[in-house]
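With chain A held as given, fit chain B onto it using these hints.
Quick note, the sequences are listed as chains A and B, same order. With our numbering, the residue at position 136 of the first sequence is 136, and numbering never jumps. One rule links them: number in our numbering = place in the second sequence (from 1) + 280.
These are calculated hints, taken from the structure and not from any lab test. Honestly, I wouldn't trust all of these hints.
Claimed, not checked - Subject to a maximum C-alpha distance of 25 Å in a straight line, what follows is the list of computed SDA-like cross-link-like pairs (lysine to any residue):
| no. | chain 1 | residue 1 | chain 2 | residue 2 |
| --- | --- | --- | --- | --- |
| 1 | A | Lys-13 | B | Leu-499 |
| 2 | A | Lys-13 | B | Met-394 |
| 3 | B | Lys-477 | A | Arg-14 |
| 4 | B | Lys-297 | A | Gly-185 |
| 5 | B | Lys-496 | B | Glu-484 |
| 6 | B | Lys-477 | B | Ile-497 |
| 7 | A | Lys-13 | B | Phe-340 |
| 8 | B | Lys-496 | B | Leu-479 |
| 9 | B | Lys-496 | A | Arg-10 |
Unchecked claim - Not close to chain A: a few residues of chain B, all C-beta gaps over 12 Å, as computed:
| no. | residue |
| --- | --- |
| 10 | Glu-418 |
| 11 | Phe-450 |
| 12 | Gly-531 |
Using N, Cα and C, we set each Cβ at its ideal position, and we do this for glycine too.
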Amino acid sequence: MAAERRKGARLKKRITYAVLSVLLIWSLLPVYWMVVTSLKSNRDIYNQPGLLPLAPVLTHYRVTLFDTHFLTFMRNSFLVAVTTTAASIVIGSLAAYAITRLHFVGRRWVARSIIFVYLVPPALLFIPLFAVVYTLGLADTVYSLMLTYLTFTVPFCTWLLIGYFKTIPAEIAEAALVDGCGPAGTLWRIIVPLALPAMAVVALFSYTLSWNEFLYAMVFVGSDSQKTITVGLAGLIMGDVFMWGQLMAAAVMGSLPAVLIYAVSQRWVVGGLAVGGVKG
Amino acid sequence: MQSVPAALPRRRHPFGKDARLAYLFLSPILLVLIGLVAYPFFSAISLSLQDKMVGAPGTFVGLQNYLTLLRDAIFQKTVVNTFIYTVLGVVLKAILGMIIALVINEEIRARNLMRALCFLPWAFPTLIVALNWKWIYEGTQAGLLNMLLYESGLVSTYVRWLSDVNLALFSVIAAMVWQGTPFYAMMFLAGMQAIPKELYEAAEVDGASIFQRFFKITLPSLTNVIIITMLLSTIWTANNLEFVYILTGGGPNYATHIFPTLSYEIAISSRRLGLGATVPLMFLPILVVIILVLTRRMLEEE
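With the rest of the complex left out, here is chain A (with noise of 0.2 Å):
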């Protein structure tokens, strides 16, 4: 009995990592060949198709770094996700403590709401906001995007953010209060700095929201001086031609924001996600 439970567990173990293994391949080959073609010249990618590159260069990140529009797409599209985020977190945060600190009417209604828009699709709403673009002569500019990105970012950081409120403990809250702190003073003194880790990894998340999104900046934007590094990837293929070594060379540079500070910030994904969900 016990040696036959020994082997099944011999047995579950062997099953899981082959299982492991087969996920891995998924989930990384397809990463390992984007960098792979990105390393080839030209000639090769079609000459020498294979899962190495015999002939490495770095033809294709020299031009796409200097001979292309790269630069201006990646700091537009820092500067969106940088403002963008740091007005959400500021407009999440005085929301989240209205609705997890404060009493008054329609406090649930408030709540509920945050969700519902969280969960409107920008597929229902990027006609409509682009006519609200343009009549604010914001067209063709980067802050349309810094404005149109709030209503998704917006939402998701107040919805994290209530999650983390809630989890601190009442009781330092109202302490606060007797001591004459104020509910301003006790948002400013007391919750911010003890949600403060929470507030980065939440800013993180609204990042890599802002940094991916395509739909409104297609649609908002059209210079190449105002694009932001996913509109102008997408432009680059539009064309008849298509440079694979060199879109490949951006498409990795490109991710290298999001991948990196996934690389930080993925230990508590799981946690994260458990409160309101990124995106899927």
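Chain B in isolation, oriented as in the chain A frame:
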């Protein structure tokens, strides 16, 4: 700032005792919710009742746009495609996500690293994933998939993954599943880690098999998480346009058009804003039902 509760005399507060401060704190978010979501939402509905081109005033046409779409063969095809794309995508992601979560939840070596690697596709911008898969699907020996299949002798002619009418939609789905699966795995894994270990120990003592433990303990404990994840993902999958836009552009012969790409094509490429805005609104009843169910479940989970 003065302490508000102390500053106010102890009389009844019709809107709650912190009402003034609360509404002050909420004013920025309400501005975003109303100005950037609610207003555009109603203006989408109003657009759908107009015949409006970009840059020209619209004329009210009642439900004409809705009727036009319902009679339109391309729209009908789009509905079928959207349905296949979403249902198949969500089911595959759920199954694969469950397998990943189960494996990562085992006591494996270098677990954190393995988890990070399995979840990696999630970290890439969707647009870049779509670009990468377009290259993987390349219809010559230069494409990864054709190269692997040809070299291993599984095919004798290169497969046209994205231009074969019968294949294209499934190729797009596979790419979308690749990126979307880790989200499921993360949600399921978080759910699994909340299941008390004692349940499994007790089951093992009782001689329950692996399958019995999965179906009697793991699956029932995860019901709510699975429902929330699949509903969230249904909204996101159906509304995501990057994969179709980049991989096939809706072709060949409209075989892969889903409603966001059709909406984009009509509203932006053909400049017919009214008709374009109507496309996603056709799916509004389903969306509203999903959102209502989700909101209730997400608030319960809190």
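Verification of the supplied hints:
{"no.": "1", "hint": "A:Lys-13 with B:Leu-499", "in the structure": "holds, 21 Å"}
{"no.": "2", "hint": "A:Lys-13 with B:Met-394", "in the structure": "holds, 15 Å"}
{"no.": "3", "hint": "B:Lys-477 with A:Arg-14", "in the structure": "holds, 22 Å"}
{"no.": "4", "hint": "B:Lys-297 with A:Gly-185", "in the structure": "holds, 17 Å"}
{"no.": "5", "hint": "B:Lys-496 with B:Glu-484", "in the structure": "holds, 12 Å"}
{"no.": "6", "hint": "B:Lys-477 with B:Ile-497", "in the structure": "holds, 11 Å"}
{"no.": "7", "hint": "A:Lys-13 with B:Phe-340", "in the structure": "violated, 66 Å"}
{"no.": "8", "hint": "B:Lys-496 with B:Leu-479", "in the structure": "holds, 10 Å"}
{"no.": "9", "hint": "B:Lys-496 with A:Arg-10", "in the structure": "holds, 23 Å"}
{"no.": "10", "hint": "Glu-418", "in the structure": "violated, 8 Å"}
{"no.": "11", "hint": "Phe-450", "in the structure": "holds, 16 Å"}
{"no.": "12", "hint": "Gly-531", "in the structure": "holds, 14 Å"}
Hint check: violations occur at hints 7 and 10; the rest are consistent with the structure.
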